[in-house]
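J.: Start from the sequences and build out the full structure, keeping to the hints where you can.
Chains A and B, in that order, give the protein sequences. With the first letter of the first sequence counted as 1, position 254 gets the number 254 in the numbering used here; the numbers rise by one all the way through. Add 338 to the 1-based position in the second sequence for the numbering used here, that's all there is to it.
Hints in this document: simulated from the structure, not taken from any laboratory. Just to be clear, a hint being listed does not mean it is correct.
Claimed, not checked - Covered stretches of chain A, as calculated for chain B (at least 3 residues, CB under 8 Å):
hint, segment
1, 210 to 217
2, 223 to 234
3, 279 to 285
Cβ coordinates follow ideal geometry from the N, Cα and C atoms, glycine included.
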Amino acid sequence: MTEQTATQARPTSSLAETARRYALFVLLALMLVGFWIAQPAFINSANLFSILQAVSVVAILGVGVSITMSAGGFDLSVGSVAASSVMAASYLMVVLQMNAIETMLLVLAMGALIGLANGLLIVRVGVPDLLATLATMFLLAGLQLIPTGGRSITAGMMLPDGTTALGAYDPAFLILGRARLFNTIPYPVIVMALVAVIAWFLMERTRWGRVFYAIGGNETAAHLAGAPTKAYRLWAYILSGTLASLGGLIVASRVGRGDVSAGNSLLLDAVAASLIGFAVLDKRRPHVLGTVLGAIFVGVLLNGLTMLNAPYYTQDFVKGVVLVGALALTFGLGKRKR
Amino acid sequence: MSLASPSPAKIAVSVSGIEKAFGPTRALAGADLVVEAGEIVALMGANGAGKSTLVKILSGSISADAGTITLGGKTVSFASPSEAQAAGIATVHQATDQAGAAGLTVAENLTLNELCGTGNFFVSGRSIRKRAQEIAAAIDLDLPLDRDFIDLRPAERQLIAIARAVAAKASVLILDEPTSSLSSTEAERLFAVLRRLKASGIAILYISHRTGDLAAIADRAVVLRGGRVVASFARPIDFSAAVAAMIGRTLDASAHDGKPSSAPILASVKRAVLVPGARPFDLDLRSGEVVAITGTLGSGKSRLLRALFGLETLVEGGFTIDGKPWLSTGPSYSIVRGVFMVAEDRWASSLLPPEIPGATIAGTIALPHLPRWFPSGILNTTRERLAATQAISRLGIKARGPDDTLDQLSGGNQQKVVLARWQAAPCRLLLLDEPFQGVDVGARADLIAAIRGSQSGSATLIATSDTEEALEVADRILVMRDHSLYEADGSHGSLAAAIGSVEAAETGNVTS
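T.: Shown next as structure tokens:
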């Protein structure tokens, strides 16, 4: 009987279906045109690239979140991992006097290790995903303050033992966050694009991505079909942790110091981007393209509103409205007739 | 066979000319049925004959397309289950976890109707217990009133549902496959309660295809086939005629000759003990053989299959495959070596929700074979769609194409896809747990043909609680009872006799 209703309902629902598929693209285009008309400076390439630069960290973290979500998990620790990475990168260069390459590799390894710890806590110890990563989030938020006694890290700072830090940010490190390719495209945007393309390929075009989604859809079925579900879930958290520390590296190289308040809103923004992504192409599931588009969508909206002199304190409200709308679009209006 | 027409005064419920279609499938095509007060009528029928549709109409879950229901002399129609309940038709469903609310005690569950509906706003533990005792006494129910519903056995849950029905002053009680999960002593207890209710004038419609149960309790048997009543038998019920009417042909046990196979032994079970204290048993599976294990729910059929697949371990004993010891460490180990299992309940065990990539027919078939089909890791959708297209035509799967998601298919077609998944790679041993669950008769025939048609060099072991299914599909049938295997009388004289011998083994009279 389901076959029957599906075939009968198709012609009538196809228009609504198309509308839902492209709803976010259309809204994004409308927004761009609207802001352009209201404020012609909005559309120049410098501003558009600054929007992309602003959302790059959120998008990279969001990709990590959506990989864990696709495997049936949820990584709440990405914001803390990114913040810890900012502190760790600063500490490695300013206090331990390491160079840019060493710093980046060590920080990425730290992110992967935190992801592994999350994964082991979930897969081996059996703590539910949300609780395990929530605990890690608190743990890291506190841990990152301990080496410097709760102070931000800058060149020449006083260390807890009374000596002065001798190192400084490696100028090569700052290229990542501050330089532009051909003097137009900021490097964070290029990193975001690379992460997005690689992650998209992994999740949509390889058998590994297929298994990630299968585990999220029905872990028992994936297990009975021979998939090593625990290893996959572990890898999802390792990828998410590594991507979060990559995001942290970009933040560190942009601000050029270890700021204790860095990455405060990153978690919620990244999760929101992933959830808004559910509505993109009417997929009703976490996916990489949707997450990146979700991040850009929010970035464009906030940038445009700021240009129209909307006060900064309305930003969270605006993000909330977009998120509610996108989720309603995904789950409510789009309910499939059964 | 001729039946004195019941006097109108005694008729508790009657249905006439009931029709119901689901899309192109006519589930009921003019069914007529009468149940008198104080009578137990057995409703028999193969899977897909329309039994559950008729029950759903009587209990108000769905409405009929045509026909009338008369209850106590008045024509009625129900828009919802609660309306049917209010009118006096109580239904005890097969799924006993819905018979009450977990987290509440037996006493609270017994008085649930009053707590939720018409009773006082204020309740005290004492008033609930007092009322619960009255309700329990009405059917001689002897359960600790403080026990949590979740700790009850299925049989006890059923009795609670029956007690609630009686307390709600039901005039008609419908029992849907009540003994499918009960042991024989529990079934006896249920029968005693039913006889008592019968004596008090309640009309009982008893759905089952277990002839043993029906012989013990039914006054009359009505057989449904193809959505209409094809036969009615008064006591003493001629069960071989009833079974023949149910299946629609006097089958001398399907196409399989029942001759013992002389092919080489492919897999064997040696001195296996499934749970501590169970009797050890042996089993040999020969190449090309289809062997079915029947037995009640919880008798250990699934456990044996799961142990072979590497999901559980035996207490004692072991397996061999191709003469070598077989001890699987889990699904991936088994699958690589050609031992496949289809677990019961396909939505829980095999299928993905429709929004997930890979929830299509092609993706469902490919899932366990991804590492072998795509060693580089990069998917080639042409490859998996080709396998799906072949499966669709070979098994006669009704779908628009390989990209249809599974929720768009009927139960039978879903099961065909699941079977096709495991026939898409070379197989040594195929384990099927309840492969015909929720599958209509037509699709079952296709599935059986597919299972029997792919038997070169592999063996198939099927667990099913339905004896007829076992007889239709298998070369050899064994009965699992209390976690041990017993031989049923292997000679396929006639289907009815074979069913009788299997069910005799099930109820414990192995001497016959």
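J.: For every hint, state whether the structure bears it out.
T.: These are the hints, each one checked on the structure:
1. Check on the segment 210 to 217 of chain A: 6 of its residues sit with their Cβ under 8 Å from a Cβ of chain B, so the three-residue criterion for coverage holds.
2. With a cut-off of 8 Å between beta carbons, the segment 223 to 234 of chain A has 6 residues touching chain B; three or more are needed, and the interface restraint holds.
3. For the segment 279 to 285 of chain A, the proposed coverage by chain B is satisfied: 3 residues have a C-beta within less than 8 Å of a C-beta in that chain, meeting the threshold of three.
Going down the numbered hints, you'll see the structure goes against none, and every one checks out.
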